[in-house]
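Residue numbers (the numbering used here), protein chains in the order written: chain A, 18 to 262; chain B, 80 to 363.
Since the hints were made in silico from the structure, they are not lab data. All values derive from a computational prediction rather than experimental measurement. Think of the CB as a built atom: it goes at the ideal place given N, C-alpha and C, for glycine as much as any other residue. Do not take every clue at face value.
[Said to hold, decoys possible] Examples of chain B residues toward chain A, derived with CB under 7 angstroms: (1) Arg-243; (2) Arg-246; (3) Asp-251; (4) Ser-253; (5) Ile-254; (6) Glu-256; (7) Met-258; (8) Asp-261.
[Stated by the list, open to error] Label-pair ranges, simulated between beta-carbon atoms: (9) B:Pro-360 - A:Glu-144: 31 to 41 angstroms; (10) A:Pro-207 - B:Leu-172: 46 to 56 angstroms; (11) A:Arg-136 - B:Leu-159: 26 to 36 angstroms; (12) A:Ala-224 - B:Leu-172: 48 to 58 angstroms; (13) A:Ala-148 - B:Leu-209: 53 to 63 angstroms; (14) A:Glu-144 - B:Leu-142: 36 to 46 angstroms.
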Amino acid sequence: MAAAPNLQERPAPAAVIATHGLTASYGDAQALFGIDFQLGENEVVAIIGANGAGKSTFLKCLTGLVPARRESIELHGERIGGLAPNAIVKRGVAMVPEGRRLFPSLSVEENLLMGAFARRPGPWSLERLYALFPILKEKRHHPGTALSGGQQQMVAIGRALMSNPQVLLCDELSLGLAPIVIKEIYDALPAIVAEGMSVVVVEQDVAVAQRVSSRVYCFQEGRVSLVGPSDALSREQISLAYFGV
Amino acid sequence: MLDTLIQGLLLGGLYALFALGLSLMFGVMRLTNIAHGDFIVLAGFAGVLVAGALGGQAWPAALLVIPIAFGLGWLLQRHLLNRTYGRDPLPSLVVTFGLSIVVQNALLEFLSADPRSLPTGGLSTASFALGQTQVGVLPLAIFCVALGCTAALQWLFARTAVGRAFRAVSDDRSIAELMGLDSMRVYALATAVAFALIALAGVLQAMRTTVAPTDGPQLLIYAFEAVIIGGMGSFWGTLIGALVLGVVQQIGFRFDPGWGIWFGHLVFLAMLVVRPQGLFPKTR
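Okay, chain B solo, but in the shape it has when bound:
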């Protein structure tokens, strides 16, 4: 049982990285990015390609992909997604759905459907013993990165001028503009940060397992479930939601290899029925 719990928490750490970017974009802009999972996959592939070009090293590739993703996210929001902003949620859903199709098919076209992974030189198989359990070094590292990112995002939002701007603009955009904010640039910055997190999640996923062009929608669902279970508006809530999802899935895997994901969906459904605002919603 302890083994299941630990493995579940470590898995949840990765899900948290998937979910934080989604939580950020929805929190600041009420924008649901249907292509979220596909961009994670894209980042994973970018990591694989860059690592290949650099002679096989995973970590420099990871460090390169993240700032590129930051810039890509900024440009994407500024020049495309900002145009979908408005009271109607449909344009942003349609546009990001289109992006999802474009990204998946571009990857299929240029890279084939084979799953790829980032070689980590043994790190992905290294583990140490914790009592009766074997704890993987890479999953533990991912868990720590997820904790760090959650804390960093929380700090950014609560203690910095940028975070204040994010909160103000999501509370009341026209009054925020009355204070001198350029909401379009604030949104661009928010998406840039979200994409940096997406890139981090993508390269770590590629290190931990594999990425394939059609993986995107599944990753989006994990991220989405984590955000909903945890409650919207709080990054610690998103982390908790991701950990819950990871543990529940792991419990399901113990019963039957085919049941893991399904248990996650069941808990997600139960949460929607029993407590739709999630475990730790931020009241507005």
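This is chain A alone, in the form it adopts within the complex:
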């Protein structure tokens, strides 16, 4: 297969996260076949691709949920591949998992407090989160799973922010949500980025991905099939990279 067309006209800013030839497998099934990826300081990068392209697997490698070779993932130059999830979150990489994955036995506020377990210094606190998502303050004693899909997504995002990460990984925020709710969720992104956070957004909705990010990676069957500025990629290029047809 030909090398992925790299359409970046300007060099990416200094890398917060960099992966080199990242491979990953689930048992005998290989899911990633050598991913080279860079996330710059205070950048929002989107990863798009069809189901099974390896987007979620990639995020799981970054957070330590799926094993990876030590030197294949770097955070500010430190090799973190294969470290345990709790070691990685302490270094400032937090994930909003696919499908929310709130704790059913905990209330909204307790779910948020669980996010603060890693206790890094930073601007995010319960008060700031309630200011960002006021509905959560109203429902803070409700069980986490008794909220609507969009509200649960806010809790999941808040939970990740509570650890005051430097990198936020968002896995399919729009999953199962109505368009108006998706807009509401992504409207909160600028406030998050304004604090200096670097964000990776995994999305199946290409339009949303292009709108919220400055660069886009397209994954196809475990490989990077396209990378470039979000505003400069045409629909044909994306179609080709997405479906490989």
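Position chain B relative to chain A; hints supplied.
Chain B alone, transformed into the frame defined by chain A:
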């Protein structure tokens, strides 16, 4: 009838102490400790031995055994039982079954099969009159301890950061790790607390009646029945289940001395058939 009820409730208090540790370990880790009853017996014997070394006093012995059990539980989970963790329930069952055999035979080997008890200097026979009934002071104290432990556990789980960690890790271990928890250490702490309760139950059992090396499996069954009748996931449920079991057994004893335990088994069986989730299950 009132006498039967009161005696049953007091007996249930002791069963609650047996059951709380089991409920805790299963609630946090989905781990069924087959050696649970044997560790209660072991704690009872440890109390007897420590009391003997300290010149016969029961209460200092009890206070010493509990922190030791806490540490033992922590080490056991951290270095042995954590290795059995996984989707398959079989390894933990096999390992704890092995522990049960080891504990029973070690006790038999080193201490003989004679039942032993902790001398309480008259407390175990003291009683006062409540209307027509005689209420034993020690059984009443045990009942109050059981109430206190249930309330304390409930408070621990509902209101503290440690309790949040326990609930989170039992809900979704990998997401809990994503938040920075070390699940292996959380499990170790849970087992440590469970073993402290086991030790408390063991020394109180030794004070109230006797402990013998082969008593373990029977105590495990009482604990297990209490947890199942009460419903899993709730400490108050476990307490209620234990009280129900105690009362039912006492009713059975009134008909015939050989029927007490059997009535308990019948009610347990009926619960499994009619309402397997127990009286007060916590829905997940």
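Quiz item: So which of the earlier hints does this model not fit?
Solution: Per hint list: zero violations.
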